[in-house]
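Asker: Here the protein sequences come in this chain order: A and B. For the record, in the first sequence the residue sitting at position 77 is 77 according to our numbering, with numbers rising by one throughout. Take any residue in the second sequence, count from 1 to its spot, add 1000: that is its number in our numbering.
You may find that some hints are simply not true.
[Claimed, not checked] Which residues of chain A face chain B? A few of them, derived with a C-beta cut under 10 angstroms, are:
#, residue
1, ARG30
2, ASP110
3, THR125
[As the list claims (entries may be wrong)] Across the chosen pairs, the derived CB separations fall in these ranges:
#, chain 1, residue 1, chain 2, residue 2, range
4, A, ASP253, B, TRP1073, 35 to 41 angstroms
5, A, ILE219, B, ALA1058, 34 to 40 angstroms
6, B, VAL1113, A, ALA22, 18 to 24 angstroms
7, A, GLU225, B, PRO1108, 54 to 60 angstroms
8, A, ALA58, B, GLU1127, 54 to 60 angstroms
These are calculated hints, taken from the structure and not from any lab test. The C-beta atom is built at its ideal place from N, Cα and C for all residues, glycine as well.
Letter by letter, the chains look like this.
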Amino acid sequence: MSDARVHDVRFTRFEGEVEGEAGAVLSLARWSAFRSMGAHRSWKVKLVPIALILIAFAPAIVVLGLRALFSAQVDINTERALPYSDYGGMIGIVILLFAAVTTPELLCPDRRDRVLTLYFSTALTRSQYVFGKVLAGVVPLLVVTLLPVWFLYLGNVVFAVHPVGYVRNHGLDLARITAGGITVALFFGLAGLAIASLTSRRAWAVGGYLAFIIIPTIIGGSLGEGLKQPHLRLLGFSVAPIHTVESLYPNFDGQGVSGLAWGADSVAVMVVSLAVLIWRYRAVEV
Amino acid sequence: MSTAIIGATGVSKRFGAVDALRDVDLEMGHQAVGLLGANGAGKSTLMRVILGLIRPDAGSIEVLGLDASRRPWELRRRLGYMPEHDCLPLGMTAADFVVHMAQVRGLPHRSAVLRASQVLFQVGLDEERSRLIRTFSVGMRQRTNLAQAIVHSPDLVILDEPTNGLDPAGRDEMLHLVRRLSHELDIAVLMSSHVLEDIARTCDGVVLLRDGQVALTRPIEQRERDGSGALQVRVSGDVGAFRAALHRRGLRVTDGDEGGLLVAADDEGGMHDAVRDGAAEAEVGLYELRPAGPSLEDTLIEAME
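Kindly generate the complete structure, drawing on both the sequences and the hints.
Answerer: Below you can see the structure in the form of structure tokens.
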């Protein structure tokens, strides 16, 4: 005789402990982040974010792999071959595309499908919604802005003749890498979310975001070169956070613009983006 | 503090030149109350005030003992809301969405999964739980919407026109579900509709809104409407034989409205049985049997005029 039993699934009242506001915000952020990366969705949606993550790791994997395989034959100095300061610039286009793919997915469907009515009929406030979405936009971006460089650093520690000595001598680099990764993720994440908050259509959000980042860069670069006004390069939003990160390292070349100016430029874009986000969701009627 | 589920005093709300609510006084003590009114009568605005989504310009409103204007977030933890319009994420499955909403409402992951499973079963979406919402019919979407509104076991669920867009079978099922909420699952219900029958089938009390004002508040089952305890009876067939059969059972019979009979007795307890037996004896068809006096529909129509 089988031990199988039939259970009567009845509606019972939930009597357990509910998590506080932080739990609700984290839940919103977690669900949103996973869905923007393609979780619980078809493989086609997963393909692009996963491919971009792999490409972001590729330089570190190649350099560390070459060193691991051929260290006996060739003396490869990975720090010179792939400096931490240059990593962001090398995968800048990947970061830009990753943000373009993931950030609209965080906001546009909620507006298009009018899910905001449901969110705001719960205990979730508008600021908490925005905070949750910023978290959901920035944390996945850290996978391409921070983790690859951390991975490179870890590889360098492993391959160093004296790993403990390497960590001791390059402790500041770890802080620079972390600060740089967070800055770049915040910049591209906030800008992407701000643009996405202006429309319910994903295609418009992606196009608007790429236009916002790329067109001023072309105009600023051309005018800066033509008019010999280096500060016009500050319109280069696609490179502003990258130069800000580079300015954290010694021997920074800001193409005639100081590291401080690039930093202020990046912060200004982030502040304006956040203001747009808050304004858009404060004005939402439910 | 009021013991009523909802207590409103002098609530007014104005949008530009339009008075959406005017000096609304309301006390909802019943487990299920219907908010009835034509389009634009102020039903949705009143619901949004109750949810704390908009602040009234004047007056105060207490829901479950909490001030809806001052403590909206605390209040919303105990409320469920099913909006009138489509508001579901089309790219998610019903199960994912209900789990997600449970977590947003503060349930831990394991409890959210369990509760989502229970409520989807209760609303009849057990089999379709893993399908994308975009593939659902209107009725299935409405059920998903209802599931997300009750997944956290709210004390009060607010349903804005839950039968909108449903075909007769879907409407019937939805009304049955709504009735179960208050009568079996112990969740107080505030449901808006512009269809009287929907309210009469699911609610214990009705509030009629007209031009932003409460025109009438009354229980659905108002026995002894005219105070006499008499019954209004209408039959098809030999009315004379039916009268005689009722007389033989000690009932007093007089002419009622529109060809009906008013039946009264000293002992009201056995009156319904006597009418039934009289109809059987006279071999007439009984097609109306209700307390005498104006019907719910009559009262509401009068209040709306």
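Asker: If a hint holds in the structure, say so; if it does not, say that too.
Answerer: Evaluated hints:
1. ARG30: With a closest approach of 8 angstroms, the ARG30 (chain A) hint holds.
2. ASP110: Holds: closest Cβ of chain B sits about 7 angstroms from ASP110 (chain A), inside 10 angstroms.
3. THR125: Hint on THR125 (chain A): holds, closest Cβ of chain B at ~6 angstroms, below 10 angstroms.
4. A:ASP253 with B:TRP1073: 35 to 41 angstroms: 51 angstroms, violated
5. A:ILE219 with B:ALA1058: 34 to 40 angstroms: 53 angstroms, violated
6. B:VAL1113 with A:ALA22: 18 to 24 angstroms: 20 angstroms, holds
7. A:GLU225 with B:PRO1108: 54 to 60 angstroms: 57 angstroms, holds
8. A:ALA58 with B:GLU1127: 54 to 60 angstroms: The hint (54 to 60 angstroms, Cβ to Cβ) is violated, given that ALA58 (chain A) and GLU1127 (chain B) are roughly 45 angstroms apart.
In this structure, the earlier hints numbered 4, 5 and 8 are contradicted, and the remaining ones agree with it.
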